[in-house]
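Quick mapping for you: the protein sequence lines, in order, are chains A and B. Sequential numbering from 1 applies to the first sequence in the numbering used here. Sequential numbering from 1 applies to the second sequence in the numbering used here.
Rather than coming from a laboratory, the hints here were simulated on the basis of the structure. Every value quoted in this text rests on a predicted model; they were computed, and no experiment measured them. Check each hint, because a few of them may be wrong.
[Said to hold, decoys possible] Below are the BS3-like pairs computed for lysine-lysine, each with C-alpha atoms no more than 30 Å apart in a straight line:
(1) LYS34(A) <-> LYS194(A)
(2) LYS142(A) <-> LYS117(B)
(3) LYS242(A) <-> LYS220(A)
(4) LYS117(B) <-> LYS307(A)
(5) LYS220(A) <-> LYS112(A)
(6) LYS112(A) <-> LYS307(A)
[Said to hold, decoys possible] Between beta-carbon pairs, the in silico distance windows are:
(7) THR116(A) <-> ALA128(B): 19 to 27 Å
(8) ALA144(A) <-> ASP132(B): 27 to 35 Å
(9) GLU304(A) <-> ASP87(B): 46 to 54 Å
Glycine included, every Cβ here is placed at the ideal spot set by N, Cα and C.
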Amino acid sequence: MTKFESPESLIELDPPSHADIRGAVRDLQGILTKRYMYYRYADYAFGIYGDGALTAENYHEILGFMSCLTADEATEFHKWCSDAADVWIDEVLSWTSQILTKSEDSLSNLAKHLRTIARQMETGALESRADDVLSSFDHYWKDAAGDAARENYGECIGEAVGHHTDMAFALANGAESERILSVAARAHIDEVIKTASAALEHGSGGSDAEMVIIKSIANKLTDTGVGKAFWTAVTIADGLSKLDASQAAQTYPVMSDKNPDTLKQEVRGAFDSVEEVLTGDREVFGQSLTTVFNEYRNLYREEEQNKIVPGIGGVGGRLDI
Amino acid sequence: MPEIDVNELRSVGDTVLPAMADDYDGFATEIGDAGSGAASILLPDNQSSGNALSEAWVEAHKFLYAVLEENADSHRAAGMTILECCDDYEAADAASAQDFEVSAEDLESSYTSNFEKTDAGEYESELAPPVDGQDYDITAGQQSYGDEMTEWAEQQQQQQANG
Numbered sequence: 001m002t003k004f005e006s007p008e009s010l011i012e013l014d015p016p017s018h019a020d021i022r023g024a025v026r027d028l029q030g031i032l033t034k035r036y037m038y039y040r041y042a043d044y045a046f047g048i049y050g051d052g053a054l055t056a057e058n059y060h061e062i063l064g065f066m067s068c069l070t071a072d073e074a075t076e077f078h079k080w081c082s083d084a085a086d087v088w089i090d091e092v093l094s095w096t097s098q099i100l101t102k103s104e105d106s107l108s109n110l111a112k113h114l115r116t117i118a119r120q121m122e123t124g125a126l127e128s129r130a131d132d133v134l135s136s137f138d139h140y141w142k143d144a145a146g147d148a149a150r151e152n153y154g155e156c157i158g159e160a161v162g163h164h165t166d167m168a169f170a171l172a173n174g175a176e177s178e179r180i181l182s183v184a185a186r187a188h189i190d191e192v193i194k195t196a197s198a199a200l201e202h203g204s205g206g207s208d209a210e211m212v213i214i215k216s217i218a219n220k221l222t223d224t225g226v227g228k229a230f231w232t233a234v235t236i237a238d239g240l241s242k243l244d245a246s247q248a249a250q251t252y253p254v255m256s257d258k259n260p261d262t263l264k265q266e267v268r269g270a271f272d273s274v275e276e277v278l279t280g281d282r283e284v285f286g287q288s289l290t291t292v293f294n295e296y297r298n299l300y301r302e303e304e305q306n307k308i309v310p311g312i313g314g315v316g317g318r319l320d321i
Numbered sequence: 001m002p003e004i005d006v007n008e009l010r011s012v013g014d015t016v017l018p019a020m021a022d023d024y025d026g027f028a029t030e031i032g033d034a035g036s037g038a039a040s041i042l043l044p045d046n047q048s049s050g051n052a053l054s055e056a057w058v059e060a061h062k063f064l065y066a067v068l069e070e071n072a073d074s075h076r077a078a079g080m081t082i083l084e085c086c087d088d089y090e091a092a093d094a095a096s097a098q099d100f101e102v103s104a105e106d107l108e109s110s111y112t113s114n115f116e117k118t119d120a121g122e123y124e125s126e127l128a129p130p131v132d133g134q135d136y137d138i139t140a141g142q143q144s145y146g147d148e149m150t151e152w153a154e155q156q157q158q159q160q161a162n163g
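In isolation and in its complexed conformation, chain A is listed as follows:
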């Protein structure tokens, strides 16, 4: 199963595309049809010979049934099983679509666009203008009004610019985090399909499929300091380097049954695990982002609004935010 060696390695993770994964699911048609034929015949034979009479070992000895079918019956039997395989594939494809809903390219472009804006805020004229204002107040405005303007306004502009820039980087990292979670989900689903395919081929032996790591990386974000460092990082690699992959949460969806109907339940279980991990990660990331932004909201609300929206006339409580 997919192992993420470190948080940073998530950036380089390159699982098969959504289209390739869908292709791999469709490629299971032949073996699924064969398995349905086996198990449906087995069900029939149980009906004839009784439970326990048919085993994998004596299957061939009592197989006479197939050779007794007319050509039309054989075609009908095959179609019945092939249709069942199609249904299996359609269901798994729809589960896949419901997890891989977001366009990673669009998320990537959104993140790049936001990061460009954040960098412009960081390196553009805001900071030097803030310095100019404070310097002018320091040197050329020495009376009661000048003192008030400097204390409540001039000295706050630079800090406010820093907060605004940090928030813009946080939005970029938010979009990038969604993309990374989608990539990780894609890696997991790829493994689920490969494991299901192996189970159809080989049956028991099972799988050590582990839905690991991402959840534990996100858990570090519940530390407010780590959360802030992650969200305000100027690159996603910097952000991920603040996290730690050492505490892996693991679940082990097992896929071991050649019977397509039973296997489908196991695959559904594996998808449930992926959804659970992804939902949990999104919650932790989301709560962390909200916590960081609530700090800015609270600065504004708690009589320090000049650190967010500097106003030369002191604190007034203008924004309903």
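We have chain A; now place chain B onto it with these hints.
Chain B only, in chain A's frame:
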């Protein structure tokens, strides 16, 4: 006599701060445009595995947008207030008032009045003003995103404060 260089302050009021306000208006518009396009990317229909991060993102985005837009209005108002102060200093100078000072209270009331104007869009700029922060909304469809996350985080912080 207070040490005041009216020419220097005037350049802050009529050049530096309006330029800063324009910067902020520009950033608000850019961030706003990015966010408007983001709703359909971040909040797709028919999804099976939660969307807490994107919902939090939408609320964060709305906050930053409002802050940037409000900064533009505030810096523009501050520039107007400084220019009014400069007029007062020069008028006092002409009347040879040796110890004339603008009080902090005067500064505040001038700023409050000017902020109302800039907030209402009553100013000159070559830039198209962004949508007012209070009116900005990137909710997708009829659904409002993020309120639950904000509520959760507030409760957590409250608990920490009490704990």
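Hints and how they fare:
| no. | hint | result |
| --- | --- | --- |
| 1 | LYS34(A) <-> LYS194(A) | holds, 18 Å |
| 2 | LYS142(A) <-> LYS117(B) | holds, 27 Å |
| 3 | LYS242(A) <-> LYS220(A) | holds, 9 Å |
| 4 | LYS117(B) <-> LYS307(A) | holds, 22 Å |
| 5 | LYS220(A) <-> LYS112(A) | holds, 25 Å |
| 6 | LYS112(A) <-> LYS307(A) | holds, 27 Å |
| 7 | THR116(A) <-> ALA128(B): 19 to 27 Å | holds, 20 Å |
| 8 | ALA144(A) <-> ASP132(B): 27 to 35 Å | holds, 33 Å |
| 9 | GLU304(A) <-> ASP87(B): 46 to 54 Å | violated, 31 Å |
Hint check: a violation occurs at hint 9 only; the rest are consistent with the structure.
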